[in-house]
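Take the sequences, apply the hints, and build the full model.
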Amino acid sequence: MDFKGIEEKWQKRWEEEKPFKAIDFHPTKPKYYVLYEFPNISGNIHLGHLKGTIPADVLARMKRFQGYNVLFPIGGDAFGMPAENAAIKKGINPRDFVANGMKTIMGQFKKLGLSFDFDRTVATSDPEYYKWTQWIFLQLFNHGKAYKQKGFVNFCPNCQTVLSNEDSQGGKCDRCGGAVVQEERWVWFLKMKEYSEKLLENIDRIQMAENLKEAQRNWIGRSEGMQVAFDLFEDNGTKLGQIEIFTTCIETIYGITFLVLAPEIDLVDKYKDKIKNLDEVMAYRKQTALRSEFDRMSDLKEKTGCKLDGLYVVNPVNNTKVPLYLADFVLAGYGTGCVMAVPSHDQRDYDFAKAFNIPIIQVIEGDISKQAVEKKEYLAKNSKLMNSDEFSGMPVLEAKKKISEKVIAMGVGKKQVNYKMQDWSFNRQRYWGEPFPVVFCEHCGAVALDEKDLPLVLPETDDYRPNVNGDSALSKLTDWVNCKCPKCGGKARRETDIMPNWAGSSWYWLRYMDPRNDKALVDFEKAKYWGSVDCYTGGTEHITRHVLYAFFWQNFLYEIGAVPTRDPFVRKMGSGLILDDQGKKMSKSSTNGVSPLEVIEKYGVDVARMHVHFLGGYEDNTPWTYEGITGITAFLDKVWALKDIVKGDEVSKEHIFELNRLIKKITEDYQDFKLNTAISAFMIFVKTDLSLSKNLDNS
RNA sequence: GCUGGUGUGGCGGAAUGGCAGACGCACGGGACUUAAAAUCCCGAGGUGGCAACACCGUGUGGGUUCGACUCCCACCACCAGCACCA
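Counting from 38, one number per residue, gives the positions in the first sequence under our numbering.
Derived from the structure by calculation, the hints contain no laboratory data.
Model, not experiment: these values are computed from the prediction.
Hints may be right or wrong, so weigh each one.
Label-pair distances were calculated between CB atoms; the ranges are [as the list claims (entries may be wrong)]:
#1 Ile721 x Gln244: 41 to 49 Å
#2 Asp499 x Lys49: 38 to 46 Å
#3 Gln708 x Glu52: 28 to 36 Å
#4 Ala326 x Gly598: 38 to 46 Å
#5 Asn137 x Asp39: 27 to 35 Å
#6 Gly42 x Pro64: 49 to 57 Å
From the three backbone atoms N, C-alpha and C, an ideal C-beta is built for every residue, glycine too.
Structural data, given as structure tokens:
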């Protein structure tokens, strides 16, 4: 079979006739929106794209046959490290790098026979696109959802940039894999935490694999408990104020023997003159700030800390004096940054109490001689309380409720929900990204640019390296940095950091609905017509972060009336990986790294497309192998041969029956992304069809 | 440690309460060929048997059911995500 001739013929026709063009406001056909996660513009396509794009393409093609007006767009995630690294290492202008990269990748996607509507292509680094990324930031700023604050943040010394929690999971830089340290810097934050409940609702509504949903819920980390205020005293008995703690185990409140505060807590600064061992305290603070998150994690069992001499609090339920400690196992960013320590029923507190010789009071039955009896155990057994005044002898489930009521009635506690997720740290000290549309004026402070001044174009330079002090390359361009305040006309400086790579990808599905609009990020009526993405496909690598950011921005845009829907996606499919012969993710550095282009060259694109998906299900990781590819080739040869065997007037009832059986099967399988069983159904059909045709010949 | 998932021939994998192993690869036998490749036909989970057939068989152990890869309980292994979150 002359697959090259066939591919050329059809790809040329698709180029000329544009049969995959999506029509805005189609008068008769219902809409269907299929989205493939746009590729990062770096080099060539890889097998992951072959695995990821094909089922989306198959679905888009089927929906067109079923009479839908299908939007199946593509673009490029073009800001970020690959272009910037090429600029720094090879002196290539990032604009040229991206322009070439877009051309290459789109050309290769065409070779894959993908039925994208290439007329709607966008790249996040085009000013016509990032004008609207900046516009969204402007809205966030003007609605009080963006703020700049000095704080301890994740910093990668290697990449010279601040990282969000999402980008530094496990204490490692998501970009370079190096250790991340805590550094105090000015950081832009987006108020994502505020959206926790809404994001949880988005997660409930979307159709997505359970493990992915669970990963997102864990990331948000909702936790119900109580916030309790403790009166704070100096050693001589003078009341100084209050300290609030957050706990999910109010039932253990009679077992408190100390309080632990995060080392960064501002209380230390406030009562400096009351703390007797200030030198020791400050030294401990310094020590923990220097330790990277990775170090903190590597010695989980080793508890370090430092007593705050000169201060104490009083337990409101039994009026006992409770000492205060600083320890780095308490995180400043979660809850109130202070915890009540009950060593008898929390293993961390237990370890800390042993290390610092603090007494342990047991308040729930069980054996605490070797380790704490934790909540999982005592709740399961509904053990009885002890040493807890009027609650002693009460089963813990009941006591939890009664003690909550008491604390609330005393006016020292309230119910509280906390989230692990923090606000999104939103600036990077790099060059190749969206400039912030904000200036800092000597009189007016942070001032947003006017909408009409967008886009704020990223200035040209040939020096892409960060500044020596860790500021971005933009900070070196003084002509650009120094400007006038749009409010008062006085002297002002531009923000020299850029937005993270995630910015451009947090709203791009909206732009495809109306990619050339220069009046709005998307026309409201068009957004209404295309609605939510019906099926969104792509890798699982960054899925937790990407989808949560997407939910956040779409919620915000919905609330300010910019888009008509709260949910960006109806359904999200996460593609599995193609593994190499070691069972590891296949990458360019793998010894046997295979390019889809060489498979296409040798076997033809249809064989390549089918083979990858005959290997296994869409969401499964599948090891790559050339073994079995001959079966697909042989099958397609048989299909090709059918054109000379089966003629129109030779179709029997049996043929029709088999055909309908096939259509039913593949319609279901395509919806479910089960291309392996769909291909198998085709094979069975062709085999049956051939033998039916032979019977016709014989009769 | 926590959460979610997975576990089926030599291999990739089908089957979600009803004949386990569809489909494909690799393998064995045959046809065509001087020969090979390609193609076509046949075979094939394991054990025993010339054979009909019998027994065993979906990570391990138990249970529910007329019937379990499938549902329930416990355990083991692997994969992924999170991880001192109070």
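- Message: Of the numbered hints stated earlier in the document, which are not met by this structure?
- Response: 1 and 6
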